[in-house]
Amino acid sequence: MTVRRVLLLPLGLIGLLSTCSEPTSSGALIGFGRVAVRAVAPPSLSRFAPSLVLEQVKAVVGRNNSQAETFTVLDSTIVPFNDNQNSVATNLRLFLQDAETLEVRLDYQTSDGTFLFVASQQVIVRPGATVSTPALQPFYVGPGFNIAFMSLSPFDSVLSAGDALTFDPTPTDANQQPVAQFYVSWATDDPRIPIDARGRIVAPNVTKLLNITASTPNGTVATTTVGILGSAALGITPDSVEKLPNGTQLFQVTVGALRTSQFIWSVNGVDGGSAEFGTIDSQGFYIAPATTPNPSKFKVCARDAAAPALREGCAVVVIKAVPSVGADLVVINDQNIFDGTAMDSSPGNRQFVRNIITFSGSGPRASQKGVLYDRGRNSPCLANGECSDTANGPIDGVIKAAGYTIAKQDFYTQLTSIPANVKVIFLWMPLIFYQESEVNVLKRFAAEGGRIVFIGERVGFYTDTGISVENQLLLNMGSQMTNLANEFDCGFYFETPAASLRPNPLLQGISSLLYACAAEIQAGPNDFPLFYDVTNTHLLAAVTKVDVTPIQNTRQQAMPLAGRRPALPVTGARGIGGTNR
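Going by my numbering, the sequence shown opens with residue 1, and the numbers climb by one from there.
Some clues are possibly wrong.
Claimed, not checked - When the alpha-carbon atoms are kept at most 25 Å apart in a straight line, the in silico PhoX-like pairs for lysine-lysine are as follows:
#1 Lys320 to Lys297
#2 Lys320 to Lys299
#3 Lys369 to Lys400
Please keep in mind that the hints were generated in silico from the structure rather than gathered at the bench.
Assemble the whole structure, with the sequences as input and the hints as a guide.
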């Protein structure tokens with residue numbers, strides 16, 4: 001005979017369980033709330049210790065009391081996770097007496113609980129409802145965070161087509177002692193020549209100078225170069241560019257040159273070039289023609305004056321009246337274009353955001369569905385709430401409705417890599433200068449087809465430091481755009497007339513844009529104007545193709561942690577502009 005036991009519950013608890021939430025006498029809700037958590041894969045890093053294996057993620061939700069420096073755990077769970085997964089989802093359940101702002105923490109761990117990566121996000125949880133966290137970008141906190149210097153071997157190597165080479169990093173701490181356990185991410189400056197997670201490359205049949213970069217999660221960087229010898233005798237840097245009419249480019253012979261070599265430069269087979277296809281001087285400085293030629297794609301070549309028949313190399317040039325999408329840098333000197341008022345009031349502003357993210361281009365980034373907000377370099381609009389999560393709700397909604405995910409970087413950490421799923425990165429009014437290695441990370445991102453959106457402002461809001469950060473980064477990315485720091489159309493929101501908009505895929509389907517109190521841009525020969533103020537006089541936004549050539553192509557260097565590095569002087573297009581502040 002089977003005996004069944006019946007558990008009698010108080011009527012109030014039965015009602016609570018059946019309805020998920022119940023109003024109290026004060027009108028507040030009481031019941032269970034849920035948090036849907038999605039943990040995404042951390043940056044792709046090479047593991048240099050057998051014990052540093054990511055095997056699980058611990059998801060925790062709780063109350064964070066920053067004043068008392070306490071964290072009260074309300075629920076937690078551990079889910080398996082490994083290097084082959086892009087993401088993992090789980091749910092947390094907690095009992096609440098009213099809506100609360102809680103903190104979700106993700107701890108990426110080894111099987112024994114060693115922390116490797118962490119991520120966190122505040123969420124508002126309500127009884128009877130489920131809230132989903134955005135995709136959070138984890139950052140490394142595990143072994144090897146004491147690395148202060150790193151070198152690579154071999155350095156300044158030469159490979160023939162088909163040869164393979166594996167690089168070996170050697171990190172040390174501040175006392176020059178070896179560090180045994182660490183992670184490294186690898187990159188080359190040419191997405192056509194990949195490097196695997198162990199630092200191995202295979203040389204293709206090209207002649208060029210390839211830059212190799214190894215980065216640790218704490219920002220220590222080591223670089224070296226590889227000269228690849230293909231069928232061409234000389235390697236030209238850059239080996240392909242897209243230019244506007246009247247645009248400029250400095251070409252250099254970086255592989256195959258002798259110390260005494262002098263070169264004869266030609267454009268589309270004509271020494272020194274022509275008015276139709278552009279001209280080039282003896283130093284490789286090229287000036288594009290005033291109009292788009294036919295054909296618009298041709299070669300710029302260099303040959304050794306001492307042996308012209310034996311030693312020659314070429315680069316491909318494409319002239320376009322309107323720049324192609326992707327691998328570009330969009331500069332907008334007014335963050336109000338993306339605020340709640342403008343986004344809610346203007347269909348043009350919403351379409352502008354869709355155009356920014358939904359482009360189709362070449363490179364592995366162009367097919368991705370991730371957007372990254374970087375507001376962590378002391379952005380004043382985050383500090384005063386103008387680009388906070390609440391204020392950015394409308395722009396977030398447009399991006400998510402287009403099928404994209406958003407990750408947000410709201411704390412400062414040195415930029416060593418950009419997640420592989422990111423297609424567009426928004427730089428919200430940074431106040432911390434970008435170091436040389438960080439500029440090169442952005443250049444690699446662009447070389448892979450990604451788009452960078454820089455949001456600047458007038459000097460009264462952005463400050464002199466911010467204007468300097470903006471202008472120096474633009475210079476280092478190959479643009480001659482300058483934020484003039486002045487301001488136009490302040491006091492309330494202004495609507496651009498159609499005449500102020502220029503033909504560009506970024507403005508397709510847009511008849512007007514809403515903005516408020518913007519700073520003027522001075523554009524250079526390689527910069528394409530996007531839109532002007534209401535008088536169609538003062539440029540407020542522009543776009544440029546990124547010069548993906550790494551800045552300061554030096555021999556191998558070992559860079560210390562940020563803060564220990566001496567200030568670097570401004571040195572023209574290859575300067576850094578200052579140290580972190």
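Query raised in the report: Within a Cα-Cα threshold of 25 Å, do Lys320 and Lys299 meet the stated pairing?
Result: holds (15 Å)
Query raised in the report: Is the hinted pair Lys369 and Lys400 satisfied, with a Cα-Cα distance of at most 25 Å?
Result: holds (10 Å)
Report task. Decide if the proposed pair is consistent with the structure: Lys320 and Lys297, CA atoms, cutoff 25 Å inclusive. Result -> holds (9 Å)
Hint violations for this structure: none, all hints satisfied.
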